[in-house]
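Visitor: Chain by chain, the residues:
Protein chains: 2
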Amino acid sequence: MLTTPHGTVPTPVFLPVGSQGTVKTLTPDELKLLGVGMILANTYHLYLRPGVETISKLGGLHRFMSWDGPILTDSGGFQVFSLGHLRRISDEGALFRSHVDGSEHFLTPELAIEVQEQLGADIIMVLDECPPYGDSMESIRRAMERSHLWAERCQRRHKRKGQALFGIVHGGTFAELRRHSADFLTSLDLPGYAIGGLSLGEPKELMHDMLDETVPLLSEDKPRYLMGVGSPEDLVECVSCGVDMFDSALPTRLGRNGAVFTRHRRYNIGNARFKTKKGPIDPDCDCYTCRNFSAAYIHHLFKAQELLAYRLATIHNVRFIMRLMEQIRCSILDGTFSTFREDFIQNYQPTDAGIRVEQKKKWLNARQGKHPQNEVIY
Amino acid sequence: MLTTPHGTVPTPVFLPVGSQGTVKTLTPDELKLLGVGMILANTYHLYLRPGVETISKLGGLHRFMSWDGPILTDSGGFQVFSLGHLRRISDEGALFRSHVDGSEHFLTPELAIEVQEQLGADIIMVLDECPPYGDSMESIRRAMERSHLWAERCQRRHKRKGQALFGIVHGGTFAELRRHSADFLTSLDLPGYAIGGLSLGEPKELMHDMLDETVPLLSEDKPRYLMGVGSPEDLVECVSCGVDMFDSALPTRLGRNGAVFTRHRRYNIGNARFKTKKGPIDPDCDCYTCRNFSAAYIHHLFKAQELLAYRLATIHNVRFIMRLMEQIRCSILDGTFSTFREDFIQNYQPTDAGIRVEQKKKWLNARQGKHPQNEVIY
Numbered sequence: 001m002l003t004t005p006h007g008t009v010p011t012p013v014f015l016p017v018g019s020q021g022t023v024k025t026l027t028p029d030e031l032k033l034l035g036v037g038m039i040l041a042n043t044y045h046l047y048l049r050p051g052v053e054t055i056s057k058l059g060g061l062h063r064f065m066s067w068d069g070p071i072l073t074d075s076g077g078f079q080v081f082s083l084g085h086l087r088r089i090s091d092e093g094a095l096f097r098s099h100v101d102g103s104e105h106f107l108t109p110e111l112a113i114e115v116q117e118q119l120g121a122d123i124i125m126v127l128d129e130c131p132p133y134g135d136s137m138e139s140i141r142r143a144m145e146r147s148h149l150w151a152e153r154c155q156r157r158h159k160r161k162g163q164a165l166f167g168i169v170h171g172g173t174f175a176e177l178r179r180h181s182a183d184f185l186t187s188l189d190l191p192g193y194a195i196g197g198l199s200l201g202e203p204k205e206l207m208h209d210m211l212d213e214t215v216p217l218l219s220e221d222k223p224r225y226l227m228g229v230g231s232p233e234d235l236v237e238c239v240s241c242g243v244d245m246f247d248s249a250l251p252t253r254l255g256r257n258g259a260v261f262t263r264h265r266r267y268n269i270g271n272a273r274f275k276t277k278k279g280p281i282d283p284d285c286d287c288y289t290c291r292n293f294s295a296a297y298i299h300h301l302f303k304a305q306e307l308l309a310y311r312l313a314t315i316h317n318v319r320f321i322m323r324l325m326e327q328i329r330c331s332i333l334d335g336t337f338s339t340f341r342e343d344f345i346q347n348y349q350p351t352d353a354g355i356r357v358e359q360k361k362k363w364l365n366a367r368q369g370k371h372p373q374n375e376v377i378y
Numbered sequence: 001m002l003t004t005p006h007g008t009v010p011t012p013v014f015l016p017v018g019s020q021g022t023v024k025t026l027t028p029d030e031l032k033l034l035g036v037g038m039i040l041a042n043t044y045h046l047y048l049r050p051g052v053e054t055i056s057k058l059g060g061l062h063r064f065m066s067w068d069g070p071i072l073t074d075s076g077g078f079q080v081f082s083l084g085h086l087r088r089i090s091d092e093g094a095l096f097r098s099h100v101d102g103s104e105h106f107l108t109p110e111l112a113i114e115v116q117e118q119l120g121a122d123i124i125m126v127l128d129e130c131p132p133y134g135d136s137m138e139s140i141r142r143a144m145e146r147s148h149l150w151a152e153r154c155q156r157r158h159k160r161k162g163q164a165l166f167g168i169v170h171g172g173t174f175a176e177l178r179r180h181s182a183d184f185l186t187s188l189d190l191p192g193y194a195i196g197g198l199s200l201g202e203p204k205e206l207m208h209d210m211l212d213e214t215v216p217l218l219s220e221d222k223p224r225y226l227m228g229v230g231s232p233e234d235l236v237e238c239v240s241c242g243v244d245m246f247d248s249a250l251p252t253r254l255g256r257n258g259a260v261f262t263r264h265r266r267y268n269i270g271n272a273r274f275k276t277k278k279g280p281i282d283p284d285c286d287c288y289t290c291r292n293f294s295a296a297y298i299h300h301l302f303k304a305q306e307l308l309a310y311r312l313a314t315i316h317n318v319r320f321i322m323r324l325m326e327q328i329r330c331s332i333l334d335g336t337f338s339t340f341r342e343d344f345i346q347n348y349q350p351t352d353a354g355i356r357v358e359q360k361k362k363w364l365n366a367r368q369g370k371h372p373q374n375e376v377i378y
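If you're matching them up, the sequences are chains A and B in order. Quick note on numbering: this note's numbering labels position 53 of the first sequence as 53, and the sequence is numbered without any gaps. Quick note on numbering: this note's numbering labels position 235 of the second sequence as 235, and the sequence is numbered without any gaps.
Do not take every clue at face value.
Same chains, same label: a pair holds when it works inside one copy or across any pair of copies.
Stated by the list, open to error - When the alpha-carbon atoms are kept at most 25 Å apart in a straight line, the in silico DSS-like pairs for lysine-lysine are as follows:
#1 K278 <-> K32
#2 K275 <-> K57
#3 K278 <-> K57
#4 K57 <-> K277
If you're looking for bench data, these hints aren't it; they were derived computationally from the structure.
Looking at chain A on its own, in the form it has when it is part of the complex (with noise of 0.2 Å):
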């Protein structure tokens, strides 16, 4: 159980995400009765627009978007890496243009918790250099160094009582690097340690190896975070490395992009196949999509470009996922997680080549300095 100012939630969870103060598309009720405990506000966008003091006045995020529950604020580190376009880096911190309208912001450790200090998340991140999968090791040795410095810094500046900040391990996919960033940061004995600069583009394999690597050397005790995790077949497998939440816009993106979960495989709503469909998306399913409407009526809004289908696909995508974590907690808790685990990926076929897309997107995006949510349709 994982508990905060505004609630406890039980774990391995799985945290939606609300970049813009809003899980798109979706009401804080609808996120309730969909069985979402916590979700993830960007920093980055919130501090952009519409900027902290706004929030702050209005009496702090969890007011600003009507939610009551637990809130994770990243610290904008990734964000300025990949959508910002990043102007210069130094060990000071990292200049960039907003995506919005083009000023120039300097993000430094200490702002960064000032603005989350300010955003009032229960809990929240350092500040840390997000290098691309495919750099040098020497590269990525310097960001992880720098992200360290910066661990430091901020939580020196952290003040706000009842907000528990987590530190970031980095090191690519060197376990060598992974080793001595966990060190490092268990070091400071802060309240929760995420994992960072994974799900980039990198093989499954050497995720799971630096998985292996960095999990049993951070307490069991404290919560252990990966970052920007999210498919089906991740989740169960990165559970059964030991990580207690994730993070990611996978599923209500895909969503939006009518690609929907089900226990097998992912469908594409818009496939002609499904322009008769009687039953619902997933006749296992309980969540409001498949309970009132048929795969015909979804694949149709999807056709006609009505804003419910977005919304519809959301809501099942969401839930098939907030089940899922569920089920994983369930068997975990009478002792048949491996069974679970083990049936599960016998019956899902990963959509390899849809996931390595948008991995491959995120990375190149990273690399090129890109707003992948120009790519997608909303």
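We have chain A; now place chain B onto it with these hints.
Guide: Below, chain B without anything else, positioned relative to chain A:
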């Protein structure tokens, strides 16, 4: 009270528009919570996509869209003249090109009825020719005569039980034609009558004059339905002319464009004055949006082009209109409607400019055969 096979609704009633089998952004559950009793769906849109056979195979329109309340479908006439690319019209029917894929279709009164029987709405409409405002009296007269001919053919063809076929009074802004049309149609003894060809850009006074000419000629015992009207001030005024039913995409479309109703006037939520407004859009409103979110949050969602923006503004506007209709009905029941009306008109500042722009656009589109949906955000 208007009784249909799918339930009884109190009148005067406003029908939100669900052109493509969805009231944009909203689920059927939400419509119920907002107090919506009956909705309108467009035969033209559904005939072209997903096609009537598909809907019929899936159990009809109610089941397809999972709405178990009353539905009214229009005949497709108005859309053929305004959205479609009309190719040729004769007494036989109208040849048009689909705005979806450019395919050619020949819409006859008989086909309009067959399609509506297959969709299975509770109330269906006769096929009519819809000339734009500004046409000569002779041209309006010819269209009216053709619509009368088509009304007879529709009545002859209509067989499905439990479905009421409504006639549509035409005659543009010519009192003599309106009287003639009302006389002719009432002689067919249909179960309800609509007033078509108004709210197309003509001055408000002309619209009221035409209602004053037409409504008294239509039986008080049968529903009198003014098509395409939905601004708050028009609803109040036209109820005083004796209208029982209304439909319009205005409240939902305005919402998606950030224009929100309050008891005193319409606001554009994107306006800078809302950037930090702590209170709701309308402190008197009981909708989900106003009970849970500050105007500043809605403003932020619109600026960030978040899908939730369109949904929350739609919820507010539909609820506003539903409450207005409730207030109208209550005041009629307790004999205070004329006071309510005076009070409303005195305190409401109609956004004439905006409404006129909307109406003018409608009319220009009708003239030019343009698809108005191309001109709005969603």
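Visitor: Among the hints numbered above, which are violated by the structure, and what are their numbers in rising order?
Guide: none
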